[in-house]
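Undergrad: Make a model of the complete structure from these sequences and hints.
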Amino acid sequence: MPRVPGALPLVGHAPALIRDPFGFFLSLREHADDRGLVRIRLGSMPVYMATTPERLHEVLVDKGRWFEKGRFFQRLKRLAGEGLSTADGELHKRNRRFLAPLFGAQRIKDYSLVMSRNARRLSQSWQPDQQVDIYKEAAAYSIDSIAMSLFSTDVGTPAVETIRTELPVLLDMLLKRAASPKILDRLPVRYNRVFDRASAQLTGVIDQVITTAHAGGHAEEHDDLLAQLLRAQVHDDVPVRLSDVQIRDEVATLLFAGAETTASTLAWAWHYLAHHPEVDRQVVDEVLEVVGPDRAVTIEDVPRLTVIRRVLDEVIRLHGVTFLMRRSTAPVTLADVTLPAGTEVAFSMYAIHRDPEAFEDPHTFNPDRWLDPGAKRSFMPFGGGNRKCIGDQFALAETTIAVAEVLRDWRMTPAGGHTPQQVISAVARPDRVPMTVRPRNPRTQPAEQLNSEEDRHAADYRRQRYS
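In the working numbering, the protein residues as written are 675 to 1141.
Hints in this document: simulated from the structure, not taken from any laboratory.
Small disclaimer: the values here were computed from a predicted structure and weren't measured.
Treat the hints loosely; a few may be bogus.
The list that follows gives simulated cross-link-like pairs (lysine to any residue, SDA-like), each with its CA atoms no further than 20 Å apart [stated by the list, open to error]: (1) 767 / 1063; (2) 751 / 881; (3) 743 / 773; (4) 850 / 860; (5) 810 / 1087; (6) 810 / 848; (7) 1050 / 1036; (8) 767 / 742; (9) 1062 / 778; (10) 767 / 735; (11) 751 / 1063; (12) 810 / 1108; (13) 1050 / 1063; (14) 810 / 842; (15) 751 / 770; (16) 737 / 1056; (17) 1050 / 732.
Taking CB as the label site, the calculated pair distances span [stated by the list, open to error]: (18) 1035 / 890: 49 to 57 Å; (19) 1093 / 718: 32 to 40 Å; (20) 870 / 977: 42 to 50 Å.
Even glycine gets a Cβ: it sits at the ideal position worked out from N, Cα and C.
TA: Next comes the structure, spelled out in structure tokens:
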């Protein structure tokens, strides 16, 4: 098994990964053998990296039943507890069983009303020729959409404000913390103090919301995600409800999984479309044909907006999940290499989706590559197997609706002379994406005027960002 050179005593390749994570991930393919495997060290721990689409599929799908989440996700249990993203074995099966109906087609249709309203509210908050940071805007839209799907009433108002403030802080720190030795968590340095404070604030406000919901009969009177979790049974044949800790873990999981990925995808999509006016024109023409100039975008429109889907797939390919790990629960063979139980296996979808043997001109934005049905064979944007992202249809609806609603009203032009830089996090998100927004039509107001209540919220959006 080849090894990546440059490992240091005690820390291994962790400094190289932290110093230039994207370069490090892309370089792994050069060191791997023809089986698509190479060994690195994180601290003193050996980690086997899968570097090709074939090996990734083997780990996630073909041999997925012989892997659990592993060290990376264990380091996240402080925040997500035993939620779906961190649980293993029977606990994961149980969690997935009761969560799956919450993301069925009818539920996504219900949540899409929140998405559409928030996208129109975001569009309504801008003024002609205003300069905005599109990543910041997308993050607010994403957090609000998941939070309002979780908490449809005033019971969640305190949580939404705290989530807006604290969730970005935690997301910025998660990957570095997960890749670092656990002993560093105890050092009395500012980094740890900021992380611990944000973590305590977020989990505390979720606990507060759950307590308030119980007291107010929320589960009996409402049907948002929180109410469904409050009503959920641990087993179909045993009338035992989830504990408050279990509910908190799942709420935290949904927030972490749903916020940053959507914000990053939207920001990069608007960035690329601003630099590719011919694709931007195709998007707008399709929206006008499918939806029209005024009607709100609905869940029924989403599968018909095929140009937007190709744009989103290309953005996720270029700026997707950066680094994940699995641990073998029994001896397992990858290619012709047998790994013992307890072996840590890792992969970077970011690097694998830029494999030149799988994707022509892999670093180039080209949505039309997805016109070839064969391109999907090497593409696993939401993972695969029994760990495939349960919220994939939620995310696709959320991003498609936002792209359609916003670009129908506004033309975006890069502003400020800044080229967005990738920042290492759960996904390869942009640092900031300054844009000048200009009305696409002669009117200065976006499509479908909001009612007075939504006008107030749009004004709140504007004050929060630009006052």
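Undergrad: Where does the structure disagree with the numbered hints, that is, which hint numbers, in rising order?
TA: none
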